[in-house]
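Visitor: With the working numbering as the guide, the letters of the sequence shown map in order to residues 25 to 209.
Since the hints were derived computationally from the structure, they do not count as laboratory data.
Keep in mind that a hint or two might mislead.
DEER-style ranges, computed between Cβ atoms [stated by the list, open to error]:
{"no.": "1", "residue 1": "Ala117", "residue 2": "Ala161", "range": "38 to 44 Å"}
{"no.": "2", "residue 1": "Arg65", "residue 2": "Pro39", "range": "27 to 33 Å"}
{"no.": "3", "residue 1": "Arg197", "residue 2": "Gly70", "range": "17 to 23 Å"}
{"no.": "4", "residue 1": "Pro39", "residue 2": "Leu196", "range": "33 to 39 Å"}
{"no.": "5", "residue 1": "Glu190", "residue 2": "Gly70", "range": "36 to 42 Å"}
{"no.": "6", "residue 1": "Gly70", "residue 2": "Ala168", "range": "35 to 41 Å"}
{"no.": "7", "residue 1": "Asp35", "residue 2": "Ala195", "range": "33 to 39 Å"}
{"no.": "8", "residue 1": "Val100", "residue 2": "Gly140", "range": "27 to 33 Å"}
{"no.": "9", "residue 1": "Gly52", "residue 2": "Pro89", "range": "22 to 28 Å"}
{"no.": "10", "residue 1": "Glu208", "residue 2": "Gln90", "range": "31 to 37 Å"}
{"no.": "11", "residue 1": "Ala176", "residue 2": "Gln90", "range": "35 to 41 Å"}
In silico SDA-like links for lysine to any residue, alpha-carbon gap of 25 Å or less [unchecked claim]:
{"no.": "12", "residue 1": "Lys192", "residue 2": "Glu173"}
{"no.": "13", "residue 1": "Lys192", "residue 2": "Arg47"}
{"no.": "14", "residue 1": "Lys192", "residue 2": "Ala202"}
Positions of the beta carbon are idealized from the N, C-alpha and C atoms, including for glycine.
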Amino acid sequence: MAASRSETARDGLPPWAVVSSTRAAHIGRVVALLDAWAEARGLPAGERARWRQAGWLHDALRDAPQEELEQWSGEVASRGLIHGPAAAARARAEGVTDAEVLEAVAYHTVGHASWGDLGLALYAADFLEPERPFAQAERAELAARFPDERDAVIRRVIAMRVAHAERKGRALRPETVAFIARWER
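Please put together the full structure from these sequences, using the hints given.
Guide: Pasting the structure below:
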């Protein structure tokens, strides 16, 4: 029996992905980190597959033309902000129905206050994957701690992302502000 498009997205980049080889390598590292964390946390095979699916989808349109991102996301904004919503919308159109996976993909760069484990893991893995060229020692230490100390790691990742946005003079999106408020409690 042929795999459906949603099943295909669980096992690798979807056929509609628009990514460079560098981006594909990043996605693979995010998926590997998510899978390692899911295994370390003792998650069942089906849940591990969902975590990997979110990883494969999160940057699937990161290198798509701006017009395509705007079409799929319904928003005019920077590539860094709309590639997640665009990928989630495209995945939904291609048959992915898992709302938690789609929400994790859509908000992986900005955070979302309603996230459970899957969204939090994707947010952290995207930031902590080992080949990013900044704060490598601290990020490696945080990645190692994630399975056992998720909440502390999430708080530190938020702090690092907010500090970066402030250094760049970028305003925080409303979703990010709500996400931060959840974790300040």
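Visitor: Give a verdict on every hint.
Guide: Evaluation of the provided hints:
Against the hinted window of 38 to 44 Å, the Cβ-Cβ separation of alanine 117 and alanine 161 comes to about 41 Å, which satisfies the hint. Taken as a hint, the range 27 to 33 Å holds for the pair arginine 65 and proline 39, whose Cβ atoms sit roughly 30 Å apart. Taking the beta carbon of each, arginine 197 and glycine 70 are about 32 Å apart, not inside 17 to 23 Å as hinted. Look at proline 39 against leucine 196: about 35 Å separates their beta carbons, and that is inside 33 to 39 Å.
Evaluation of the 36 to 42 Å hint for glutamate 190 and glycine 70 yields a pass: the beta carbon distance comes to about 39 Å. For glycine 70 and alanine 168, the Cβ-Cβ distance of about 25 Å falls outside the hinted range of 35 to 41 Å, so the restraint is violated. Take aspartate 35 and alanine 195: their Cβ atoms lie about 38 Å apart, and the range 33 to 39 Å holds. The supplied range of 27 to 33 Å is met by valine 100 and glycine 140, whose beta-carbon atoms lie about 30 Å from each other.
The beta-carbon spacing between glycine 52 and proline 89, approximately 23 Å, falls within the hinted interval of 22 to 28 Å. Between glutamate 208 and glutamine 90 the C-beta distance comes to about 34 Å, which sits within the given range of 31 to 37 Å. Restraint check, alanine 176 to glutamine 90: a C-beta distance of roughly 37 Å satisfies the suggested window 35 to 41 Å. Annotation: proposed proximity of lysine 192 to glutamate 173 is violated, straight-line Cα distance about 29 Å (limit 25 Å).
For a cut-off of 25 Å, the pair hint linking lysine 192 to arginine 47 stands: about 22 Å separates their Cα positions. Restraint check: the Cα-Cα separation between lysine 192 and alanine 202 comes to about 20 Å, which is no more than 25 Å; the hinted pair holds.
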